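A.B. asks: Chain L is fixed; fit chain C onto it per the hints.
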Amino acid sequence: MLFNSFPFFVLLLITFFVYYFPVKFFRKGNTQLLVLIFASVIFYGYFKPSLLLLLAFSGAVNVITSYFVSYGIPKYRLLLASVGVIVNLAILAFFKYSPLIATSFFDTKEGIGAFLLTIPLPIGISFFTFEGISLVVDTYKGHKDDKFKNLVHESFSVHIRNSFFFIVFFPHLVSGPILKAHDFIPQIGQKLFRDIDWNYCFRLLVGGYFLKLVVADNLNDFTSSLVYPGFMAFSTLDLISMLMGYSFQIFADFAGYSLIALGLASLFGYRLMQNFNFPYISTSFSEFWRRWHISLSTFLKEYLYFPLGGNRKGKVRTYINLFITMVLGGLWHGAAWSYAVWGAFHGLMLALERLFNDRFEFSVKRNSPLFYIKVLFIFLSVSLAWLLFKLPNFEQVIMYMKACFKNTGLISNYISIFLITLYALPVILYHAWYLKRQSNPVYLKKLEFVFYGAMIFLIITNSGTAGTFIYFQF
Amino acid sequence: MAFLFIAFELFLRITDIPWDTSQNDKSANIISVQDYIYNYSANQLKEDTVIVGTSVSRKLITDTLGRHYINLAFNAWNSFDGLELVKINGKKPSCILVETNYAKNQILQPEISGSLDPVSYYPGITFKSLQLRNQPTGLLIGWAKNLLKTRIDRLKEKKRENVDLYNFSLQMNKEIMNQPIPDSILDKRFDVIKSLIDGFKKDGVHIVFYEVPVDKELGETTSLVQVRSYFRKYFPENENLYIPSPAAAGYVFSDGVHLSAQSAMEYTLYLKSELHKK
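Line by line, the protein sequences are chains L and C.
If you read the first sequence in numbering that gives the first Met the number 0, its first letter stands for residue 0, the second for the next number, and so on.
If you read the second sequence in numbering that gives the first Met the number 0, its first letter stands for residue 0, the second for the next number, and so on.
In isolation and in its complexed conformation, chain L is listed as follows:
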C-alpha cells in the first residue's frame, strides 16, 4: 500500500479507531499491539499476500535466534547470534542480489543464471532484514551492556509479539527509518489517546505529504525523461537542471516518506528516529552523512563500521573501514555495480576528508563566503553522484557526461527548467530557513499557520501524477 492511496487512508482510520477504542479490552497494551500487527500485515500483503510468507519466515528466524541468545545456553550465544545475522544477510542476498549475481557470473539465457533472474524483489526487504540484524545483535550485546538488556521478554509469546511488532510496524516497514531494537522495543506498552501530540503529528504529516506529493511527484514528471537514449538530444542546461531536479526530488521523496512515517507512528504513541536533518546545507561529506538517511548511516556505523574496528586501529585502517562501509552501504541501495560505485565515491570522499582533517587544522566560520562555497561544493558533488541512482547503467552515465559537454549549443526547454526550479524551491527555502534560523524574523514564526495552510491547499490542488516512493525500490 502507498501512504497516499485511498485504501491506506481507510486502513489508517479503522486501525486508529480500534486502537484507541474506549473499551478496556481494546486499550490493553497487548490488544493494541495485535491491532497494529494485524494492520501492518494487511498493509504489507495488500498487493501480494505471498510476500507475507517471507516476512513471517524472516520474523521467525529473528525471534528464535534472539530468544535463545538471551535465554539459551551461554556458550552458544555467539553462534546463535551469528546464525541470525547470516540468515538475514542470506535472505537479503538471495532476493535482492540474485539478478546481479546472475548477470555478473552466469549465462542468463539458461541454467542458474536464468533461474536467478526470476527471483522477485520483495518490497522493504532491505529494511526489515537490517532490523532483524539489529534485534539479534542487540540481544547478544545485552549480556555485556545494560543498555541492551531486557530487549527480550522472558515469556516467549510476549517476545514473539514484541519482535514481530518491531519489524512489521507499518509506518517504517517498507522504507524506514531503519529502527534499532534498543531504541524501539523499550517504547512498547499501552498508549493513550490523550497522550497524542497532535501538533507534532500534524506538522510531520503535512510536511511529509507536501514534500512527497507536491515536490517529489511533480519533479518526477520532469526527471523521468532523463533516460537513455532520449537525453542525448537535450541541451546542456536541460540535462543539468534535470539532474538538479532529481537531487531535490530524491530528498523530497525520501524525507517526505520519513516524515509521514514519523507522523503516523506518533499517532499510535511511538517515536521513530529523525531520518533527515537538512542534508543539503552540509559543508563536508561526513556532515552530509550525519544529516542524510540518518537511520542507515547510524546503523552502518554501529553494526558494520565499529565491528570492523572503526577508528581504533590506526589511520590507514580507519580509511579502509570507511571505504568498505560506504561501498556496502551503496550496494544496500540496489543490486547493480553502479550503486557500489556510488558508495565507493562517498567512501573515498570521506576517507580523503579524514586524511585532510588529520593533517590540517581548518575551520570555516558559519555564514562566511567560504562556508557557502563548501555547501555548494558538497551539494553539487552529492547531486552528481545521484546520477548513478538515476542511470544505474554506468555506460549511460558516461553518455550523460558527454552530452553535457557536447550539447551546449542546443536550445533548452525553458518551461521545464522554470518548473523544475519552481518545484525545487520549497526544498531550497526549507534549507535556507534552517541556515538562517537564528536570525529569521519573528513574524515568520507567527505566519507558520499560513505556510501550513498553503501546503495543505497545494497538496489538494497541485499534487504531481502519482508515483511510488523512490526508496521502495531498495
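Source of the hints: derived by calculation from the structure; they are not laboratory data.
Model, not experiment: these values are computed from the prediction.
C-beta atoms are modelled at their ideal positions from N, C-alpha and C, and glycine is treated no differently.
Be careful, since some hints might not be right.
[As the list claims (entries may be wrong)] Listed next, the stretches of chain C that the computed footprint assigns to chain L, with coverage defined by at least 3 CB atoms under 8 Å from CB atoms of chain L:
1) 3-16
2) 140-154
3) 230-236
C.D. replies: This is chain C only, laid out in the frame that chain L set:
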C-alpha cells in the same frame, strides 16, 4: 486553507481559462483524459468523432477537422489506451479514428484507471480545483505560454532547423524502430485491439484507420512495417475503412517522426478531405 480552497474554486467557476495548462507530456495526457470523462455527455458524444493514437496524432489540429472532433491521442501511450478509455467511459461516439503507426502496450495506463476510479472521479467532477488542468502551477504556465507564444514557436522552429540534432533523432528513431517486435507480443496486443474494435462496431460506432506520415527513412522500418501488416491482417482492407498515408515528401518533421506545425496543418487538411470522401 479552507478560505484558499473556496476562493480558488470560485475563481475557476467564474473564469473560463482557454490556455494549455499542461506542464509536461504526462500531465497533458491526464488533462485529455479528464476533459473527456468530465466534459462530454453521452448525447454530445453521439455526434462526435474521437481520434485515438500516439503523440504523432496529438499534432493534428483538431479544430481544423471540425467542431465534433475530440483528440484522445496520447504522448508515449497509443491507440489501445484511447480505445480502452472510450470503452470504460461507456459513452459511445459516432466514429473513432484509429492511428495505425504503432501498437505498444495492451495494459491500461494507471493514470487512466486512476482518473476513472470513483475516489478521484466524483470529487474531480464536483470540484474544478481538483482537475489537473486547473492546478495553480499549470495556470501560471498556461498564462506564460500564452503570453510568450510567438517566442516559443520561434524557438521550436529554430530547434527543428538544427540539422545535426535532426539527424541524431532520426538515427535514434531508426535504431529503435528497426528492432522487430516478437509475433507473440503483437498477437497479444492485436487480440485486445480487435476485441475492443469489434465491440465498438457492434454498438454501431464507425471505425476509420489512418496512418500519419513519417520521414521517408523511417517509413519502411521493421516495426512500422510489422504493425502496418498486423492492422491489415486483423482488419482487412476490403472490410474496413483505411485512409492511406500520403507520401512523406513535402512534409517536414521535427525529429523524423513528429510533424512540424506547418506540416501538421497540411496533414490535418488532407485527413479532413479524405474523411469527407469516405
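A.B. asks: Identify every previously stated hint that the structure contradicts and give their numbers, smallest first.
C.D. replies: 3
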